[in-house]
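S.K.: Read off the chains here:
There are 2 protein chains.
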Amino acid sequence: MLFTDNTFEKFEKDLVSKFIKEEIPFILIHNQSDIISLDEAKADELRDRYKSDLLEFSCSMLNDEDQERAVAELTSLIVKNINSSAILEKGMFEDLVVAGDLVVLVCPIDSEAPEGRLILPQVNAIRDLLDRNCIPVVVQPSELKSFLERSSILPKLVVTDSQAFDKVSEIVPKEIPLTGFSVILARCKGDFESYLKGTPAIDTLKNGDRVLVLESCSHHSTCDDIGRVKLPRLLKKRTGVNLEFDVVAGLDEIPMSIDNYSIVIQCGGCMITHRQLHNRLKPAITAGIPVSNYGMSLAYCMGIYERAVKIFISK
Amino acid sequence: MLFTDNTFEKFEKDLVSKFIKEEIPFILIHNQSDIISLDEAKADELRDRYKSDLLEFSCSMLNDEDQERAVAELTSLIVKNINSSAILEKGMFEDLVVAGDLVVLVCPIDSEAPEGRLILPQVNAIRDLLDRNCIPVVVQPSELKSFLERSSILPKLVVTDSQAFDKVSEIVPKEIPLTGFSVILARCKGDFESYLKGTPAIDTLKNGDRVLVLESCSHHSTCDDIGRVKLPRLLKKRTGVNLEFDVVAGLDEIPMSIDNYSIVIQCGGCMITHRQLHNRLKPAITAGIPVSNYGMSLAYCMGIYERAVKIFISK
Chain D
1 MLFTDNTFEK FEKDLVSKFI KEEIPFILIH NQSDIISLDE AKADELRDRY KSDLLEFSCS
61 MLNDEDQERA VAELTSLIVK NINSSAILEK GMFEDLVVAG DLVVLVCPID SEAPEGRLIL
121 PQVNAIRDLL DRNCIPVVVQ PSELKSFLER SSILPKLVVT DSQAFDKVSE IVPKEIPLTG
181 FSVILARCKG DFESYLKGTP AIDTLKNGDR VLVLESCSHH STCDDIGRVK LPRLLKKRTG
241 VNLEFDVVAG LDEIPMSIDN YSIVIQCGGC MITHRQLHNR LKPAITAGIP VSNYGMSLAY
301 CMGIYERAVK IFISK
Chain C
1 MLFTDNTFEK FEKDLVSKFI KEEIPFILIH NQSDIISLDE AKADELRDRY KSDLLEFSCS
61 MLNDEDQERA VAELTSLIVK NINSSAILEK GMFEDLVVAG DLVVLVCPID SEAPEGRLIL
121 PQVNAIRDLL DRNCIPVVVQ PSELKSFLER SSILPKLVVT DSQAFDKVSE IVPKEIPLTG
181 FSVILARCKG DFESYLKGTP AIDTLKNGDR VLVLESCSHH STCDDIGRVK LPRLLKKRTG
241 VNLEFDVVAG LDEIPMSIDN YSIVIQCGGC MITHRQLHNR LKPAITAGIP VSNYGMSLAY
301 CMGIYERAVK IFISK
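If you read the protein sequences in the order shown, they are chains D and C. No gaps in the numbering here: position 85 of the first sequence is 85 in the UniProt record's numbering, and each next residue is one more. No gaps in the numbering here: position 162 of the second sequence is 162 in the UniProt record's numbering, and each next residue is one more.
Bear in mind the hints are in silico, worked out from the structure with no lab data behind them. Be aware that one or more of the hints could be misleading.
Identical copies carry no separate label here, and so any pair may be met within one copy or between two of them.
[Said to hold, decoys possible] As a list, the in silico SDA-like pairs of lysine to any residue whose alpha-carbon atoms are at most 25 Å apart: (1) Lys167 <-> Val98; (2) Lys206 <-> Val97; (3) Lys167 <-> Ala99; (4) Lys282 <-> Arg117; (5) Lys80 <-> Ala113; (6) Lys80 <-> Ser111; (7) Lys42 <-> Gln140.
Based on the provided sequences and hints, a complete structural model is requested.
M.R.: Structure, rendered in structure tokens:
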């Protein structure tokens, strides 16, 4: 939060109030201090009122050495105040695996997959398993059956892209736990208890009910098709009733007051922080509206919800 | 290449000549066409001289529909003219595997690994294997031995981070082919034949010889430590002579004339295009100076070069 000339009036105060309300970390920086230096009484008042770090800063008239020191100080304050990031706070496989476990990750490669790469939750999963000294085996759905038949090592767990839930569920023997990337994400960065409570409300949806689909990607999203096409189709098939859908992307405004919706379904949120996801869902949860997420809703509609959440419920 | 007001003089001509010389794809865009529209005679002359696409463009005074059409046209011309990208032109595992093959990827997770993710060549490798309906098994070096002992499926190939070459080479049975990510990258985007010819020149280095290390990352690089510390240390150990090293990052200028160097060692170049890599090495190759790359040099110094390049030579 930059300010200059010791000016901290209504605009600055309103902005900081918003940061505090939304739980967004901030630091105060008095810039252009080479022109007007920070008033010490003002500084004490701000530090006292906002319990925030406050830095005197200037880009001009600093020699190289001073500039390096100023930038280092600024950087360290930023790092200190970021207490959350898009990286998961809770590891994806925490409490689910032990070192040496083999975990099969089913990653269909379709037209939505980024060129030459994998989507973020898949990469996050591989990395988290390596961090735990586990052995991720990555397969397309077409190779899954053959691998399971040929492998002498029983997987501790199979994780699939939620879109392949039904196909994969038929292939993986019942004694091997199965879940989805999106369900794992829901556990480590969503409001998992609320999702568990909210997802079965799919079966209570009535004709004409309105469904709010929240897609958190700010950029062009590969989940587009899930939220706009697959999820609506499966929900209509499962419930057998006509539903109205509002799909809201990024941080766009929700078109109606939240109590017009009978259920809110949130994407995995791989690109956003735990706090952003939490704040996005808060109005619905506060209003007592059932909430779910993409993967859990897909699993529910495909009739394999119990299996997909089993390993988390027994914890 | 933007120009306005039908002005295509020395500056513009020089720039386009440079593009042509460096084999950089370009299109010509006459901007601000709402102020001065493109002269048709001029347009024909430019199209004829440069054999290039030429687009008349303006950001102002376009209604929504025209703007959408203009942006679509611009986008399609850009896409049409990009004939190269950081994505590999030749797939990493082309000619090396067939569908159903199990390939073990050894990915040590150390302090250099990006938080929560994997480095790009590892992700590229997993994706390329999935595209070929193969089964990538990802392991840390500590799990490799146990996995190979327990697995009933013989890997078609083991690929390791070059830094773990010696350790991994001891663990992988001699009958299983072994290579490095960096060697694979060298084959698909480096000047592989030149590397094969140049790498053994390591053994001809003499006291006081100068080594040029080229690191292509433009951002803070995780290969920093390899180019600046590990490679110099291993080269000195292997050759037993004193060598002088110049490490050049990104597109920084090379401190001396190229014929002052006895060998040039290039990084894998995961972040740059084939063309950029090729152009960077051209002066050395033209001057007849031996060239190699990080992974192949590391393998050579560790005494496992023959094994690491074997699968490529038999092709």
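S.K.: All hints are to be evaluated individually against the structure, with a verdict given for each.
M.R.: Hint-by-hint comparison with the structure:
In the homo-oligomer, the alpha carbons of Lys167 and Val98 lie at most 25 Å apart only across protomers (24 Å), although the nearest pairing inside one protomer, at 27 Å, exceeds that limit. Taking the shortest alpha-carbon separations for Lys206 and Val97, neither the intra-copy value of 40 Å nor the inter-copy value of 52 Å comes in at or below 25 Å. Taking the shortest Cα distances, Lys167 and Ala99 sit within 25 Å of each other only across copies (20 Å), while inside one copy they are farther apart (29 Å). Proximity of Lys282 and Arg117 under a CA criterion of 25 Å is satisfied in neither setting, with 34 Å inside one chain copy and 29 Å between copies.
For the identical chains of this complex, Lys80 and Ala113 are inter-copy neighbours only, at 21 Å across copies versus 35 Å inside a copy, given an alpha-carbon limit of 25 Å. Proximity of Lys80 to Ser111 under the C-alpha cut-off of 25 Å is restricted to the inter-copy arrangement: shortest distance 19 Å between copies versus 40 Å within a copy. Taking the closest pair of Cα atoms, Lys42 and Gln140 never come within 25 Å of each other, the shortest separation being 61 Å inside a single copy and 54 Å across copies.
In summary, the numbered hints that this structure violates are 2, 4, 7.
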